[in-house]
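Undergrad: These are the residues of each chain, in order.
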Amino acid sequence: MRITQGQFSYLPELTDEEISAQVQYALDREWPLSIEYTDDPHPRNTYWEMHDLPMFDLKDAAGVVKEINEARKQHPEHYIRVNAYDATLSRQTVAMSYIVQRPSEEPGFRLERTEDSNRQIRYTTHAYVTDVPTGQRYKQNQQ
Amino acid sequence: MKEQEGPGGPPKPKRAGFGGRPASSSSSSEESGEDGGEPQEPAEELLADDATIDLVADRAKAGVDEVLAELDRELVGLLPVKQRISEIAALLLVDRARRRFGLESERPNLHMSFTGSPGTGKTTVAMRMASLLHRLGYLRRGHLVAVTRDDLVGQYVGHTAPKTKDVVKRAMGGLLFIDEAYYLYRPENERDYGQESIEILLQVMENDRDDLVVVLAGYADRMDVFFKSNPGMSSRVGHHLDFPEYDVKELLDISGLILAKQNFRLDPEAEPVLRDYLTRRREQPRFANARSVRNALERARLRQARRLVTAEGDVSKDDLVTLIADDFLGSRVFDGEPDDESDTDAAGRPAEESAEEPVKESAGG
Ligand SMILES: Nc1ncnc2c1ncn2[C@@H]1O[C@H](COP(=O)(O)OP(=O)(O)OP(=O)(O)O)[C@@H](O)[C@H]1O
Ligand SMILES: [Mg+2]
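Top line first, the protein sequences correspond to chains A and B.
Per our numbering, numbering through the first sequence is continuous, rising by one, with the last residue being 143.
Per our numbering, numbering through the second sequence is continuous, rising by one, with the last residue being 508.
Source of the hints: derived by calculation from the structure; they are not laboratory data.
Warning: the hint list may mix true and false statements.
[Said to hold, decoys possible] Straight-line Cα separation of at most 25 Å, PhoX-like style, residue types lysine-lysine; simulated pairs:
no., chain 1, residue 1, chain 2, residue 2
1, A, Lys73, B, Lys460
2, B, Lys404, B, Lys460
3, B, Lys392, B, Lys225
4, A, Lys66, B, Lys371
5, B, Lys225, B, Lys204
6, B, Lys225, B, Lys460
These figures come from a predicted structure and were not determined experimentally.
Produce the complete structure using the sequences and hints provided.
TA: Right, dumping it as structure tokens:
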């Protein structure tokens, strides 16, 4: 199941040129960017791991694209996203956030029903892939 | 979130190149067409073989002449440097013209080294160079990132690579100016982290040539040693620009430029004194060419201010803009001592004497 998160996620996957153009859009507004990755696809998982440090004072998208490719090399089967921060309100606010890589297989989620008192049913989603410890998920295609 | 396929039924094949993976051959072509998959160079159509190009008009359009004229106006002397810069401009223009005919060739290598004594205009020229290369379409942004060893090399293991990479990322699309590059290499200390930085730079100079230009600057003798011990660096540098020392006439012209910019003028009697000053100063240690001129004028302004404040009577506009002979004659240079120039020693050359008061002569004159 193709998960959708952040900007552009209902569009076809961005090509590298499109990613670069979006990065340039952020840089032109002087928004610093950061790259994050995760292997937990749950929509409530907001805190992803940082790849390297946030990038400040860049002028050209090539520097960020270089780093995105570095992250792809290090985590070939993870979700990777790019965030841009707008500090104009003197708070670091996420202005852009979009996925630039996803695992080659996305097994999806199962719906779990828990029976509560008074015959109430509570629902939760469970990502199949999280049955495996972090770091070993999405292994099928690694190497 | 339910287990559902998207509206299109089975998952669509991935796009070419997405996620950094090479696309499997079956799926690559299908979708890349509809997103207007841009060709690498969306530029103009190729010209026919019998077409002609007006290089002069091209030159004007790129604003090359403006930059070169500005360079000529604002920088005195430096003929060999200006010559080489206009050659580089010509090279890039011709390269562009060739590409419009579809004549492929490798992008010219524009990594450079600027060698010359302190204050000969290396940093200033680097700034102009960045804007020129931008106008010629060689650099996408044309900004200058000026760094020294401290910005590139870390203090402990694992600190250097992120630092150097961060600088490189910031310089992408522009010009990376490494001042006194030879400090990166410390042969006396085997485990110096500078070597790590050099290795990253070597890679960048080779692989990211399309994205940035690296300029290594420093004093000629030390640069020579640096290049000898780092042949990789030397071979990646396409242009060596040597900045000559200024003669007295050029130094005077420079002082004219600086004074005009700051709304000062020389009293006619002060001119020979300044010439004499520069002639003497030039022979003394720690002479920093144009920067020494700038400093000498700063100190003359100081003396002028003191003269005007202690003088009796009102001052006119003319008094305020004029530097007279006495303003220069107060200098220690005329006693055969070097003027205090501790402020020029950002160069890292240790000051031979400890810093003294900027103006030594007593207030009485
Ligand atoms: N040919 C020139 N004409 C006019 N001004 C000049 C000229 N060369 C240098 N200057 C001025 O002298 C000052 C010092 O120049 P700059 O900083 O470019 O020298 P540098 O070669 O980088 O010195 P260093 O090696 O000490 O870093 C600047 O303010 C610059 O404007
Ligand atoms: Mg300099």
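Undergrad: Next, verify each hint and record whether it holds.
TA: Do the hints match the structure? See the list:
{"no.": "1", "hint": "Lys73/A <-> Lys460/B", "in the structure": "68 Å, violated"}
{"no.": "2", "hint": "Lys404/B <-> Lys460/B", "in the structure": "17 Å, holds"}
{"no.": "3", "hint": "Lys392/B <-> Lys225/B", "in the structure": "18 Å, holds"}
{"no.": "4", "hint": "Lys66/A <-> Lys371/B", "in the structure": "31 Å, violated"}
{"no.": "5", "hint": "Lys225/B <-> Lys204/B", "in the structure": "20 Å, holds"}
{"no.": "6", "hint": "Lys225/B <-> Lys460/B", "in the structure": "38 Å, violated"}
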